Amino acid sequence: MDMNILINGVYVIVAALFIMGLKLLGHPSTARKGNLISSIAMLTGVIVTLLDQAIVSYELLLVSMLIGSIVGAYAAKKVAMTSMPELVSLFNGIGGLASVGVAWASLMTDGISSFVVFVSFLALVIGGVTFSGSLLAWGKLSERIAGRPLVFKGQIIVNVAVLTVMVAGGTQLLNSPQSSDIQWLIFVTALVLGLLVVMPIGGADMPVVISLLNSYSGIAACAAGFALQNNLLIVAGALVGASGIILTNTMCKAMNRSLKNVLVSGFQKVTSNSITLEGEIKPISADDAYYILEAAQSVVVIPGYGMAVAQAQHAMKELQVLLENNGAEVAYGIHPVAGRMPGHMNVLLAEADVSYEQLFEMDEINPRIDGFDVAIVIGANDVVNPAARDMEGSPIYGMPVINADLANTVFVLKRGMATGFAGVDNPLFFKENTRMIFGDAKETLNGIIRQFAD
Amino acid sequence: MTTIYLLFILLLSVVVGFELIRKVPATLHTPLMSGANAISGISLLAAMSLAGGEMGSYSTYLGAFAACLATINVVGGYMVTDRMLAMFKAK
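From first to last, the protein sequence lines stand for chains A and B.
Each position in the first sequence, counted from 1, maps to that position plus 5 in the working numbering.
Each position in the second sequence, counted from 1, maps to that position plus 8 in the working numbering.
One or more hints might be untrue.
Once the Cα atoms are required to be at most 30 Å apart in a straight line, the calculated BS3-like pairs of lysine-lysine come out as [said to hold, decoys possible]:
#1 K31(B) <-> K82(A)
#2 K436(A) <-> K99(B)
#3 K99(B) <-> K28(A)
#4 K287(A) <-> K447(A)
#5 K322(A) <-> K97(B)
#6 K322(A) <-> K82(A)
#7 K31(B) <-> K258(A)
#8 K287(A) <-> K99(B)
#9 K82(A) <-> K99(B)
#10 K28(A) <-> K38(A)
#11 K28(A) <-> K31(B)
#12 K38(A) <-> K97(B)
#13 K97(B) <-> K436(A)
These aren't lab readings, by the way, just hints derived from the structure by calculation.
This structure is a prediction, so every number in the text was calculated from the model and none was measured.
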């Protein structure tokens, strides 16, 4: 009994340290310390849990933790910064499956109350959905599976049918919690549901899905905490759940869509093509772009997923230094949904050694964007589409965008004339002050850099 | 009664979570997510007491499986978050 009090007392300290760690994550200068404090808290929790009297044999436990540590450390060391969305997605899934394991094991304990059965059921379901949904999201992000939304007729009916079977299974579980048939039935329906939820969601909506699954992995841990009456699981799970919900909300707002709309519809078809785009495309070469950049006093860079694909962040940093040595001010304008996960662009630019003080959020850059001589759009499309601002009837009308077109001159670095994910034409490309530079973004930037060197 | 007391803990943690995470700047959203991955590996603590039970029972193996997965999350999550945060520099 004393041991139990000691363990729970230490858990209180661990929870306090988690909270402190998250607080320090509020600023880039203290964030690393915050992460360290959080990890020390976790280690403390693990060590004190080893004193638990329920642990009678250590071999199996230590071996499985050793394997987990090796796999985790290997993944963390090896992953490329451009692949962070895939890794986070995988981690979400693994977290979900871990909660499934815990909940399932707690169901096997004799003499549990209906409440425990109920929360174990929740943990099983949420964990299962998180696991299969995250795996599918990972497949889409790493392009092992086509990233486009998959919608089939009667999808809603199938969803409802799966849910019904799941709830029926849950009711049966209350009567016979140890029946492995029912446990498997619930787990499998949860897996199917996870696939069904993520299937209709396309590439550019991935930031929403990853955030949502992130939140689910926390909620699953939280439910497992209820099942085992473990306070620390509840606290930590709730923190993660809250974090995921906030991010999901932020992403939805940045796309001007409700969560329901993102989850259910894929993207609406472009219904009316009554809007005709006027003007013509004006392509220029990297050489010509150089002359304009050389005369520029201020340059704003707006990156998108294309920058990640082309791995152009290092070339961009190189160009930034040349521009700054030439006396120009360089700022970066970052849209909340640029890339495939929240903050994706910021990490890539940080990797290329761009100071975080030069990265501005959409709301910070928009009020002063008309003061910039040149805006360089690298591999972004929908997030700089002026149709969202002034073309009623456009599918993305109302979405907040970075007003790149208000800068004096706009360079758009693009591979070809394909439309963005939304399938919407971008009037920006036809504007009087826009110059298109076609080709691989990295090669284009290197071309400009060579001109500066000469 | 225990349930009510657990719900209180849940309520308070959700409030604290919302307050803290709202203040995390957009530039740190990716490390926030990978850090959250690490914290959600907290189920490791529950998995440990299950995995350390009598050898050979069904729930011991489930617990060991869960412990392995949760450790991946904890170790991988914290390490990759640290790797990212180390890159964020001021001028």
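A quick look at each hint next to the structure:
no.: 1; hint: K31(B) <-> K82(A); verdict: holds (28 Å)
no.: 2; hint: K436(A) <-> K99(B); verdict: violated (35 Å)
no.: 3; hint: K99(B) <-> K28(A); verdict: holds (23 Å)
no.: 4; hint: K287(A) <-> K447(A); verdict: holds (20 Å)
no.: 5; hint: K322(A) <-> K97(B); verdict: holds (14 Å)
no.: 6; hint: K322(A) <-> K82(A); verdict: holds (24 Å)
no.: 7; hint: K31(B) <-> K258(A); verdict: holds (17 Å)
no.: 8; hint: K287(A) <-> K99(B); verdict: violated (36 Å)
no.: 9; hint: K82(A) <-> K99(B); verdict: holds (26 Å)
no.: 10; hint: K28(A) <-> K38(A); verdict: holds (10 Å)
no.: 11; hint: K28(A) <-> K31(B); verdict: holds (8 Å)
no.: 12; hint: K38(A) <-> K97(B); verdict: holds (14 Å)
no.: 13; hint: K97(B) <-> K436(A); verdict: violated (36 Å)
Of the numbered hints given earlier, the model fails hints 2, 8 and 13; all others are met.
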